[in-house]
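Peer 1: With the hints as your guide, set chain F onto chain E.
Number of protein chains: 2
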Amino acid sequence: MVGSKIIFKNTNLCYIFNEKHMLQKVINFKDKLAKFSEHWSPRVIAEMNDYQFKLAKFKDKFVWHDHQDTDEVFLVLKGSMSIELSDHTVKLNEGEMFVVPKGTKHRPYAKEECHVLLVEPRGVVNTGDSGGELTAQNDVWV
Amino acid sequence: MVGSKIIFKNTNLCYIFNEKHMLQKVINFKDKLAKFSEHWSPRVIAEMNDYQFKLAKFKDKFVWHDHQDTDEVFLVLKGSMSIELSDHTVKLNEGEMFVVPKGTKHRPYAKEECHVLLVEPRGVVNTGDSGGELTAQNDVWV
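Chains E and F are the protein sequences, given in the same order. Using the numbering used here, the first residue of the first sequence is number 1, and each one after it goes up by one. Using the numbering used here, the first residue of the second sequence is number 1, and each one after it goes up by one.
Note that these hints are calculated values from the structure, not bench results. Bear in mind that the values here come from a model prediction, so they are computed numbers and not experimental data.
No copy labels: a pair is met if it fits in one copy or bridges any two.
Listed below are the simulated PhoX-like cross-link pairs for lysine-lysine, each with C-alpha atoms no more than 25 angstroms apart in a straight line:
hint, residue 1, residue 2
1, 61, 25
2, 30, 91
3, 91, 61
4, 105, 25
5, 102, 25
6, 57, 35
7, 78, 25
8, 35, 78
9, 25, 111
10, 111, 61
11, 61, 30
So here's chain E without its partners, still in its complex pose:
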């Protein structure tokens, strides 16, 4: 395996130490989601090049914000949510995804708790430039 080295192996686990010094293993969404309960507090589960895959639990309304430098992917794993845009609202159910184009004002909303996979470049702040108490710390892994 180019640039990679097995550093630990037993019957249950096998980690690979790659060029990025990251441990590569299979990521199970349900297992990861069971490890946190906070709403609007994304947890990183994987990195791919300069991008991060994050799990989040949404409930109630988030804040209006945008990301000037990047698109943002929302993929619903469980439940349903809405994304308010300036002109209309899109509704996302389990097994659906939506790409919010960069620079697009949006406000996520979930009437009942909704579990979401987010994909965006490393370093993106969840509230964009809007700030506020729902601004989450970045690079919190689960």
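Peer 2: Only chain F this time, still in chain E's reference frame:
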């Protein structure tokens, strides 16, 4: 909405024409998967910055290959699959994902048909430099 313009709207559908000249709408994986049946023939369903989200149906063995310039994400939507690496094999079930690090030789395999979401930069060839009859055409949208 910065850089975007509503071009069509009725009670069921609302498309947004954005800076990339793409139509943004909710993407339903089951609906998209129903539109093709070929194995090892990824279909693009969305773009996010320079990255593509692709749906694919896997069955039997693919070819050994690597991608020298990028990591690659496999996310299982239905069924199960394996990814053979040079040192070991990882098994992925529905609701699980794996990041194959760049430059890592791998061979996907699915005993029964498996539905997968792939995430990788635009332009990545499915067989890497290995070529062969399983090399799929790029940028085929569904």
